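Chemist: Sequence:
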Amino acid sequence: MKITVFGATGGTGVELVRQALEAGHAVTAVVRSAADFPAGVEVVRADVMDPAAIEPAVAGRDVVISALGHRPGAHEPVCAPAAESIIQAMRAAGVRRLVVVTAAGHIKDSHDGFVTARILKPLLWWFLRAAWTDFVATDRIVAASGLDWTIMRPPRLTDGGARPYRTALDHTVRGGSSISRTDLATATLAAATDPATVGHAVALGY
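Mapping the sequence shown onto our numbering, position 110 (from 1) lands on 93, and the numbers just tick up by one.
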């Protein structure tokens, strides 16, 4: 499978690239500036906000994965405009499969417990308003893209290794308050090849 990864230098992106290579996929990493990757990775330097610049990096690929994150401390949206640009480039290139990582924290869900719904999430909204507003817009843009999309919704990310995790389609994972970047990458690659996830959000957690 030919995969293009945006956000390839981030914690999740690095794991996506590593695991995709180990699985025998052809990987293209789109980066803004020079970065070191394992042998075999095609590195494309381009501004993700420029659809024409990234179109060659998505053309002919089987799946495009965005693991871009909101910049800590930033107030301007990042993920939403990047999603718009990626979608525009994919449409121009005739590529349909898109997997985008956002988050679970901004989602109000019936599977949330009382403490999570009434205390934790409202409190986190106060501190993470810019990032979560960006994710809300990203989810909306991706869902309206007309592409074969899947949104990955992880909870708090950790640097732990692989362990058993749970997933839920279009619901948050009850009690799933964390997931390692390793397992998020594993689940993202699995979703990319699973037709059952097209047009859905996949939540995960321990």
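By construction, these hints were calculated from the structure, which means they are not laboratory data. Among the clues, some could well be false.
[Said to hold, decoys possible] No farther apart than 20 Å at their CA atoms in a straight line, the calculated lysine to aspartate or glutamate pairs in the DMTMM-like style are these:
# : residue 1 : residue 2
1 : Lys(-15)  : Asp177
2 : Lys91     : Glu59
3 : Lys(-15)  : Glu59
4 : Lys(-15)  : Asp45
[Said to hold, decoys possible] Here are the simulated distance ranges between beta carbons:
#  : residue 1 : residue 2 : range
5  : Ala6      : Val27     : 32 to 38 Å
6  : Ser161    : Ala126    : 24 to 30 Å
7  : Pro21     : Arg74     : 26 to 32 Å
8  : Asp30     : Ala179    : 30 to 36 Å
9  : Lys(-15)  : Asp19     : 20 to 26 Å
10 : Thr141    : Pro178    : 28 to 34 Å
11 : Ala42     : Pro178    : 31 to 37 Å
12 : Pro147    : Pro39     : 22 to 28 Å
13 : Arg28     : Ala145    : 18 to 24 Å
14 : Leu107    : Gly43     : 29 to 35 Å
From a predicted model like this one, the values you see are computed outputs, not experimental measurements. All C-beta atoms, glycine included, are put in the ideal place defined by N, C-alpha and C.
Chemist: Any of the earlier hints contradicted here, and which numbers?
Modeler: Hint check: 2, 3, 5, 11, 12, 13 and 14 fail, others pass.
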